[in-house]
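Work the whole structure out from these sequences, hints included.
There are 2 protein chains.
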Amino acid sequence: MKQRPHSECQSALLPIRDALEVLSGKWKLQIIISISTGNQRFREIERSIPGITSKVLAKELKDLEEHQLIKRTVHDTIPVAVLYTPEPYACSLDNVIKALHEWGTGHRKKIIQRETTELPTGE
Amino acid sequence: MKQRPHSECQSALLPIRDALEVLSGKWKLQIIISISTGNQRFREIERSIPGITSKVLAKELKDLEEHQLIKRTVHDTIPVAVLYTPEPYACSLDNVIKALHEWGTGHRKKIIQRETTELPTGE
DNA sequence: TATAGCAGTTACCTGAAGGTAACCAGATGG
DNA sequence: CCATCTGGTTACCTTCAGGTAACTGCTATA
Numbered sequence: 001m002k003q004r005p006h007s008e009c010q011s012a013l014l015p016i017r018d019a020l021e022v023l024s025g026k027w028k029l030q031i032i033i034s035i036s037t038g039n040q041r042f043r044e045i046e047r048s049i050p051g052i053t054s055k056v057l058a059k060e061l062k063d064l065e066e067h068q069l070i071k072r073t074v075h076d077t078i079p080v081a082v083l084y085t086p087e088p089y090a091c092s093l094d095n096v097i098k099a100l101h102e103w104g105t106g107h108r109k110k111i112i113q114r115e116t117t118e119l120p121t122g123e
Numbered sequence: 001m002k003q004r005p006h007s008e009c010q011s012a013l014l015p016i017r018d019a020l021e022v023l024s025g026k027w028k029l030q031i032i033i034s035i036s037t038g039n040q041r042f043r044e045i046e047r048s049i050p051g052i053t054s055k056v057l058a059k060e061l062k063d064l065e066e067h068q069l070i071k072r073t074v075h076d077t078i079p080v081a082v083l084y085t086p087e088p089y090a091c092s093l094d095n096v097i098k099a100l101h102e103w104g105t106g107h108r109k110k111i112i113q114r115e116t117t118e119l120p121t122g123e
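So the protein lines, in turn, are chains A and B. Numbers 1 to 123, taken from UniProt numbering, label the letters of the first sequence in order. Numbers 1 to 123, taken from UniProt numbering, label the letters of the second sequence in order.
Accuracy of the hints is not assured; some may be wrong.
Intra- or inter-copy, both count: the list cannot distinguish identical chains.
[To be verified] Distance condition first, Cα-Cα at most 27 Å in a straight line; then the derived BS3-like pairs of lysine-lysine:
1. K109 - K71
2. K110 - K55
3. K26 - K109
4. K109 - K59
5. K28 - K71
The hints are simulated quantities; they were obtained by calculation from the structure and are not laboratory data. Keep in mind that this is a model prediction, so the values were computed, not measured.
Spelled out as structure tokens, the structure:
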């Protein structure tokens, strides 16, 4: 039997893996968006993202800082103010966020249509 | 103290959540890319994605089929051939994949640069 | 004095994602 | 006859992202 070789797509996959490694999870992109929108304080960001908890937020913020996507600055006021701001590098995600945003919007429409079209049949 | 209101960004976040719900995880996008590249058979796809296992692949394929991103067709040859092909809807992900691909490529470059610039100092 | 805000931390727990390996039945090739 | 291909399934196990809740030290406000 002729062995049909599978198409190599490593060159296409590798960058995707890299990107997913940094951006995967429920929260990272949402946090970047929130900060880019102008939220700077910990509690501000927390409140702007429904469902996130302090613990998870703290952890994700550390990750994002390590990846140089956001900056954490402690202002020596009384009481201290901790500000999170986007690093320039965060802008490089604009296209990703835009693409995801558009797709999510379209997908939601599609789902809603399907739901209203298909009359539920009991199960 | 004046209560600084956190910027609302729900409208920006909701579609992102929707998108992540469908596309999240290590494998979904990689599988779509593999199939779009021309891989159709189960083992073909499996071999084209380093690290994936039959079990995970089977599960992810079901998910993707449910979301109408790929189609599973059983050809009644002997022995039976099962072919996975991209649905038209999969094309709507082109921009997402492209954006992620570009970002991943750039990010990899950045990391490598940092690694070669920073001489390791022992720890 | 009590309450609420700030920026988190800690301990504990759950569920889902994912990995490991064996196995199935039918067909083909050596 | 045995190994290997096909398209998966099954049972078992580990990991960890993420959730819950309490709590810290400090300040400001009522």
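Against the structure shown, which of the earlier numbered hints fail to hold, in ascending order?
-> Hint 2 contradicted; others consistent.
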